[in-house]
Structures are given as structure tokens and as C-alpha cells.
Amino acid sequence: MKLTELAVGKSGVITSVAGGGMQRRRLLDLGFIPGSRVENVRCSPTGNPTAYLIKGTLIALRREESDMLFVKML
Amino acid sequence: MIALVGNPNTGKSTIFNTLTGMRQYTGNWPGKTVLQTQGFYRFNNRHYKLVDLPGSYSLLPSSPDEEVARDFICFARPDCTIVVADAACLERNLNLALQVMEITPRVVLCLNLIDEAKRKGISVDILSLSKELGVPVVPTVALNNYGIEDLKKTIAALVEGKLECSPRRIEYDDEVERLVEDIESHINPIIPRSLINFRWLALRIIDGDSKLLEAIRSYLHLEGEILI
Amino acid sequence: MNALKEVIPSNAEHFTEDSLRINKISDKIVSSIYREAESIADRVVSQEKGKIDWDRRVDDVLTSRWLGYPIMLLLLGVVLWLTITGANYPSQLLAQGLFWGQDRLTEFFIWAGSPGWLHGFLVLGVYRSLAWVISVMLPPMAIFFPLFTLLEDLGYLPRVAFNLDNFFRQAGCHGKQALSMCMGFGCNAAGVISCRIIDSPRERVIAILTNNFVPCNGRFPTLIALAAIFTAGAVSGTYSNLLASAAVLGIILIGIFTTFTISYLLSRTILKGIPSSFALELPPYRKPRVGQIIVRSILDRTLFVLKRAIIVAAPAGGIAWIMANIYIGNASILTHTAGFLDPFAALLGLDGIILMAFILGLPANEIVLPLIIMGYLCTGSMLEMDSLQALKELLVVQHGWTPLTALSVMLFSLLHYPCGTTILTIYKETKSHKWTLLAVLIPLSVACIVCFLLNQTALVLGFG
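Order-wise, the sequence lines are chains A, B and C. If you use our numbering, the first sequence corresponds to residues 38 to 111, in order. If you use our numbering, the second sequence corresponds to residues 4 to 231, in order. If you use our numbering, the third sequence corresponds to residues 138 to 601, in order.
Bound conformation, chain A alone (with noise of 0.2 Å):
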């Protein structure tokens, strides 16, 4: 399932990353590459970004981006 559908409070294993470019090299940079431990910790007042703890830092994440990982729910 797409990383967006994971609900707030859930956490999950990072299986693969989609996309291609600087976007998703950002995205592997910032700590979202394949098996690793995710958990969407909270969304903004109007539902989009959300921000989610990635090897232990808080990373907001765009719904467009959040759509590009794909995760294995826990």
C-alpha cells in the first residue's frame, strides 16, 4: 500500500520507492529507502502534509510525495 494510507498513529516498513530524479533521490537522502521503519506521527490543521518519524527525525511529507513509497503496514 501507498505510504498516504497509512493512518495517523501506524507504523510501517518502507518495501519500495517510485519515481525517478532529484525528487526521489530527496527522498532516499532524507532516510525513506527500502526497509526502513516509518510512522505517521501527526497531519498539518488542514489534512495535507503529513509528518512522519523516519530514523528519527519528524519529516513532512507532501501527499504527492507520500503517494511515490510504498510501505508494508506493521
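Treat the hints loosely; a few may be bogus.
[Said to hold, decoys possible] If you want a taste of the chain C side facing chain A, the calculated C-beta under 7 Å gives, among others:
| # | residue |
| --- | --- |
| 1 | SER169 |
| 2 | GLU173 |
| 3 | SER176 |
| 4 | VAL198 |
| 5 | ARG202 |
| 6 | GLN307 |
| 7 | ALA416 |
| 8 | GLU418 |
| 9 | LEU419 |
[Stated by the list, open to error] Coverage of chain C stretches by chain B, computed from C-beta distances (three or more under 8 Å per stretch; other residues unrestricted):
| # | region |
| --- | --- |
| 10 | 326-337 |
| 11 | 423-436 |
FYI, nobody ran anything at the bench for these hints, they're computed from the structure. All residues carry an ideal CB built from backbone N, CA and C; glycine is no exception.
With chain A fixed as given, assemble chains B and C onto it according to the hints.
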């Protein structure tokens, strides 16, 4: 000349301010019109120039800022590079440290914010971390100057050659390693070995990093035709 | 010799041919490094369970659905209120001291028997505008900058970007624009430089072109002074500062609204494109280092901006005095120019002197209000300009300002072109004449249109 790199939000500027006090100014690094903060400090009768590089997650750059940081470490060849890391999320910070260590061996890992990590229940075994990485690790709390003297001492020892580093080398899988070996042998006759770390350059070529090649041409003043 | 040349294209080719392959190899490299980092971290880090995560609790409040936005507004309001209230007294004290100095200087010039024009140029022109810039600007800056740096140091600003990103997304720009706007509150030139944190060139240009719509500290004192004067009469005593803060807050909100509107229009017209990646880190909250904040914000920001203002204010004050005192025919150059600008200025709810002050104030917005005062003083009767009360007397009684005039001046100040330094910075950052020109023309036309519509509407409704 000492370079200061680190992930964003690791207290890098606080370390910079603490080391240099008020002796700093914003300058330009020749060749690239990017403002960066420089400062000075004296230690044991030696004058140190400290350059604060933009906060970066990675040296496989995905933003202009990260490119500046990478180019500086790679081409300005600082005598020592301090990697400031947040003790509370070491793994992400080690990612950057390992990449810096692929370019230059003279690295000090400054493990900052250890008080905050402790509050979160996180503790780091400094000795084994230093052993694992093969470079000195100095724990600091920049907010109250804890560890700053140690940091200065370690930098001095490294710059004066009293301290040798043997940074851990990342082994890639066979396919990548084979490519690296192949490309390294091609680079060998073209660029003097003293100018750049071949293994690292080979890795970037495999990575398809075309911007780096442009950077090499402009900073190392090699003839254009060789590279493109 | 040509080996590398061969190696690179051959690799580059097969990468472009097969993007899956480049992903695969790049992924291998990236994840090898991360795996290494992970395994080292695993061996040396020990985590104790069961600690309360305060950051999450704080974030629960600061980014909550109901409280997120009100808290942002409240914090901005509190900062403004502290600035207005705190700056009042020191401002007066400085003004009294500096104008006492002016009298002593005048005595000295009379004693030395110097010619009237020299005294006029140096004391009434240069010194007086310096005194105004210092007494009007220094106190608010010395309070506003440290407060803002404090919020920055605490880690609150990324939360602002997080809360507001959806609006930026809908306007077709980057959430980090919120951060460059925050920097713009300090100084638009700094705000423009900080747009570098936005990676996508398209979104960076949008952020640069609209940064001017957040009032920088050079314009804050003007806004604050005018707000204080024209709200003071409405309510009594302690509440007047609150009302003034609310008025300035309202002006800022208009600026933010304009930013969104113009960003939206830009990203639908000349800067079309899809939003790029966002990926913003929300760092943990940190205990700020108060001493360092005060020293840094005073040294780096306050004094820097003040120095710049003084360098610009001194000659501008001199020029204004010369213009007011060289006569062509039966009127001074100042009167001629102001008279020439008057009809156009009137359309915008301003007058010739005000418009001229904005034009002469191009090098630095800080000196606009002092220039207005200079212009009025040169044509009107001499006054001891040592308090807001005296300023009110000058503007309202002698020169017929209405609340509508004040609002027009505030809006024009908020929206008009960025100062000279910022324009130069925009050119350096964009390296493009086109964007630099647009960075001047867009705000200027917005300012003219808004002021024109406001005043014509008021006229029709009978408020003029």
C-alpha cells in the same frame, strides 16, 4: 582551514559560534558566489579558519546547498572537516559522516546535543563509535561549552599530524565494486591522484552524477575536452 | 588521455536508456551507506524505553486542527504588542536626547558664526533625519529581532511552514516560502537570500518576487507609528497599544493574503509548473541560548540594518533640505515637485510630499516617515518632533491627514517596491534583469491598484 558540515538542525551554527566567538564574517568562496560564514579562533598559538557549510542531509547532492557543501569538501580541501551530528538520531547523521569520510580521511565527528539525547533516554558508546568509524569522536553540548576544548584539541592533533585517522571504508556489492575498479583505472592517467579521491570519483561516475564532472572542470582547471 | 571521456558517456548512455538501471545502482549505493550507518548505530546506541516525548505533546497543541492557526496569530500579535509597548518609552527618550543635541548643535553653529545654509544642511537636514531614523527605528528593532530569533531558535518556524503548507501548495508554491517570509519580517534582502532553501527554481522565483509583501523592519516602525497615532484616540490608555497591535497585525495579514494571491497568479501564468518536492524537517524543540540570541540579533541584524539606514538617511536628509530651501520662482524645488506629484498622489489617497518620500526612500524604506516629516517641517512651522503626539499634531492638524490617509500610506508602504538593497539582492540571486524588473513592477502596480481602489471606493461611499 577547517570545514564544518552537518545535517540541518544539529546545532551546527551553535558549535560554530561557540568555537569562533564573535570573530566571524560572511564571505565568498572564490569561484562560487555563495555566501558562507567564516570565522577564526586561536588555539595553542595556532590560527584556525573555520568555514560553516550549509546544512546537508547527504553529499549525493539533491539541492544547491548540498552541492556547495560537497564541492567545498572536495575541492577546497580543508585541513580537517568537522561533522556535527545529533546524538539523538545518530543513524541519519552517520549517513552523512560516512559520505564525508569517503572524500577525505581527516574527519572529526562532533557528537552534539548529548544532553538532549540523554533526556530522551538515548546513550551512545563514544569509544566503540570512534573505533567503528576510524575517526575521533568528541561528545559536546554546545549550549554550555561542554566538550569544546576537547574538540579544539582533537582538531589541533589532527591538523598537526599527531593523530592518524583510518576511516572505515564502505564496501559495496560485487557489481558496484567491479565498476569502481574499472573506472578508477581509467581515471588514473587523467587526473593526478593528489587532487581527488579516485574511489569516490569513480562511485559518483557510476552514480551518473554529471554535475560533479562540471565542478571538477571548473575547480581543478582541467582542460575541458578531457572530461566531456 | 581520452579514457575518461569514453567511460562517462558510455555510462551516461546506458543510464538514460534504462532509468530502472540507474535507480538500481544509485539505490545500491545509497542503501549500502545507510545500511552501514544503521549497523554502526545499532552497535553503539542504547535506547531506554518509557520516556515521555514532550515534543509530541507540544506539537499536538501547536499544529492541532483547532488551535494551530489561532496560536500562530496570537504569537505574532504578542510579538507586535511587546514591540509597540516596549518601544514607546525608549523611543521618546532617544528622541528627546537627540533633539536636545540638535539645539546644542544649533547654538554651536550660531556661536561659530557659520552661514545659515551650512547650519540648515547639516543640522536641519542631515542631523535631524538621522535623529529621526535612530529614535523611530532602533527601539522597535532591538525588541522585535531578538523576539523573532527566539521563535526561530525554539524551532517554532518549521511548524508555521507545516501548518501553512497546504495554502502554499494550492497557490502552486513551496511550503518553505513560509520560512523565507518569516526572514522577510526581519529584512527583505535576507528573506530573498533565504529563498535558497527552496530547491525548485520556479518556486524560488515566486518566493523571491513576493517576499516584498511581508513588511520588513524598515517599514515596521512606519506602520507601528502610524497605527499608534491613529488608534490612540479611539480607545483609552492601556488598550490603545492592543488596538495598535491589532491594526499592524491586520496590515500583515493583508500582506500575507497578497502573497498568496500573487503567488497563485504567478504560478498560473508566467511561472507555470507543477509543485516540486516538499520534504520539510520538523526539528525537535530546543532550549534557546538567550545570551547568544540577544548578542547575535543586536550585532548581526539590528546594528547592520541601522547602519545601512543611517548611511542612506544622512544624504537623503541633506537632499530633502536642499530641495526645500532652493527656490525657483516663488516656491522651493520641494514645493514644485510635490505640487507636480500631487494630482497623481491624490488618486491614491496620498499627497505629493508622501509620494516623494516614497520615491526618495527607495534606497531604504526606513527613511520614508522621516522624509515625510522633513518635507512637512520645511514647508510648515518648526516643531520639536519629540513625541508621537507632536507627530500627530503635524500630520493631522497641520497637513490634514485622515485615518484614510494613514491607511493609504500604510498599505502603500506594505505593498510598494522593495528597497534598493533588496532589489540588488534579487538581481544577485536571480541573475536576471527580467525577474528584477518584475520584482519592482509587480508590487508597485499592486500598491497603486489597491490604494486607488480603496480611495475611490471611499470617495463613492462618502468617506473621502
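The hints, checked one at a time:
1. SER169: violated, 10 Å
2. GLU173: With Cβ-Cβ at 12 Å, over 7 Å, it is violated.
3. SER176: violated, 12 Å
4. VAL198: violated, 11 Å
5. ARG202: holds, 5 Å
6. GLN307: Where the cut-off is 7 Å and the nearest Cβ of chain A is about 9 Å from C/GLN307, the hint is violated.
7. ALA416: Holds: closest Cβ of chain A sits about 6 Å from C/ALA416, inside 7 Å.
8. GLU418: holds, 6 Å
9. LEU419: holds, 4 Å
10. 326-337: Per the Cβ count (4), the hint holds.
11. 423-436: holds (count 7)
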